[in-house]
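S.K.: Sequence:
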Amino acid sequence: MIKRFFLTIVFAAVLGVAANAQGRYGADSAECVKYLSYYTQYMKMDAIEEAIPRWRKAYELCPPSASQNMLLDGQKIMRTLIAQNSKNAIYKEALIDTLMALHDVRIANYPKYALTATNNKSLDMINYITDNNKLYNGLLENMRYTKAATNSVVFVRLMSVTSDLYAQGLLVADDVMSVFGEISGYMEQAIADAKAKGKSTENLENVLKDVESLFIGSNVANCENLIALFTPRFEENPDDLNLVSNIVLMMSSAENCTDNELFLNAAKSLDQLDPTHSSSYFLYQVYAANGENDLAVEYLQQAIDREDSDAAADANYYMELGTFCYKNNISKAKAVQAAKKAVELDPALAGKAYLLIGSVWGSMDCQGNEIDQRSPLWVAVDYLVKAKRADASLAETVDPMIAQYSKYFPDQAEAFMFNVLDGDSYTVSCGGLTETTTVRTQK
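Under mature numbering (1 follows the signal peptide of the UniProt record, and there is no 0), residues -21 to -1, 1 to 422 are what the sequence shown spells out, in order.
I should point out that these hints are in silico values taken from the structure, not numbers from a laboratory. Beta carbons: idealized from backbone N, C-alpha and C, even for Gly. Errors might be hidden in some of the hints.
As the list claims (entries may be wrong) - Each pair of labels, with its calculated beta carbon distance range:
# : residue 1 : residue 2 : range
1 : 143       : 286       : 38 to 48 Å
2 : 80        : 128       : 20 to 30 Å
3 : 147       : 48        : 39 to 49 Å
4 : 2         : 164       : 56 to 66 Å
5 : 65        : 39        : 21 to 31 Å
6 : 375       : 198       : 50 to 60 Å
7 : 188       : 147       : 17 to 27 Å
To be verified - Calculated pairs, DSBU-like style, for lysine-lysine (alpha carbon to alpha carbon, straight line, at most 35 Å):
#  : residue 1 : residue 2
8  : 365       : 247
9  : 386       : 313
10 : 331       : 306
11 : 174       : 126
12 : 178       : 188
13 : 126       : 113
Kindly produce the complete structure, drawing on both the sequences and the hints.
M.R.: Okay, structure coming up:
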């Protein structure tokens, strides 16, 4: 019954094309149409095993122009056969080659669908090709054709296989830089195109972050390479937010790469195009690296003041502000104030903050009598003890400091001369700071 049904359909199809099918269906158009109809009916019934030999005959008889579906169905058949023959390495490889050839035939004969066909070929390469070198060359060639229209999965897999080949010593750093440059360039264009059409760019931006992470993980992103890669692109598009953000992120992730003109200009541009606490922090890093301390402090405070930063971010910024002011001898009072603010916003930072405050008081050079000069050490030890209590892991750092400062406590007799006794409460004022502590002397 099924066979008779198929013959009826084929006979009707042959009659319909006999008069004008010589070009599209080839020299033996009747046979071509017959086998196209045969295998198609089986495919519709999901009887793929019966469809396979008839599809092969159709593919043998028909030119590619006969049916694009013949090529698409052939790809489906090849994927089925690959799954069925997964343990037969030689036959499986031949099936994969056939699958790729079918993609190539479709690309060559149906230019309207060439971009889609090339992306589909890339996805099949990702699924079936296990040789990294072959996969790298194939995906790279395909991406250079599809460009900004490349499927996002292809971008990520190409960056991944490129990094793997570099790790194996089969590619050099310049190869990795080049691939990353091409991928990020195409992705930036894809994001721009999506924005122009009013479409969401969230997925593309997340994919770009994945690509950047793979690139950073390859350890190729040294500063010299990044400058060479991004300088011409920045000069061409200094107001491209995606590009500028990419430059700042990549260069800030690389070692010793924030003290150059490109990073400074990109960070300034980022702060103008999309002012956030992060953009202000990047500028702080630049000016700090260049020794421009006043500007560094200004931008770090700006990062704190930005509305988009949360308490956790502000706490870390305050901690960094305090440390920067102390180490660069900018303002010890500001260093202590910042450290206390950090503890207020995030108690988990108490250990480090108290260690910083103790270090500040321990470095005070106060005027006055012997007690006035040495009393800051009492405050320093107070905070160092608090630091150790807040974070036991700091004991190895704190204990030697406490021992050292305690050596310089005033002598008991000397303190008595100033009417100062052990255990008394004592207020220390020095360098714009005031603290109340307890008198301790050396016997």
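S.K.: Quick check: does the Cβ-Cβ distance between residue 188 and residue 147 fall within 17 to 27 Å?
M.R.: 25 Å, holds
S.K.: For the hint 50 to 60 Å, verify it against the beta carbon of residue 375 and that of residue 198.
M.R.: 32 Å, violated
S.K.: With the threshold set at 35 Å, check whether the alpha-carbon distance from residue 365 to residue 247 stays at or below it.
M.R.: 40 Å, violated
S.K.: Within 35 Å, alpha carbon to alpha carbon, are residue 331 and residue 306?
M.R.: Holds - the C-alpha atoms of residue 306 and residue 331 are around 14 Å apart, at most 35 Å.
S.K.: Is the distance from the Cβ of residue 65 to the Cβ of residue 39 consistent with 21 to 31 Å?
M.R.: Because 26 Å falls inside the window, the suggested range holds.
S.K.: For the hint 56 to 66 Å, verify it against the beta carbon of residue 2 and that of residue 164.
M.R.: Check failed, 42 Å falls outside 56 to 66 Å.
S.K.: Is it true that residue 143 and residue 286 lie within 38 to 48 Å of each other by Cβ?
M.R.: 42 Å, holds
S.K.: Does the alpha-carbon distance linking residue 174 and residue 126 stay inside the 35 Å limit?
M.R.: 17 Å, holds
S.K.: Do the alpha carbons of residue 126 and residue 113 lie within 35 Å of each other, as the hint requires?
M.R.: 19 Å, holds
S.K.: Would you check the hint for residue 386 and residue 313, treating anything up to 35 Å between C-alpha atoms as holding?
M.R.: 28 Å, holds
S.K.: Falls inside 20 to 30 Å, the C-beta gap from residue 80 to residue 128?
M.R.: 23 Å, holds
S.K.: Taking 39 to 49 Å as the hint, is the beta-carbon distance of residue 147 and residue 48 inside that range?
M.R.: 41 Å, holds
The structure does not agree with the numbered hints 4, 6 and 8 stated previously, though it agrees with the rest.
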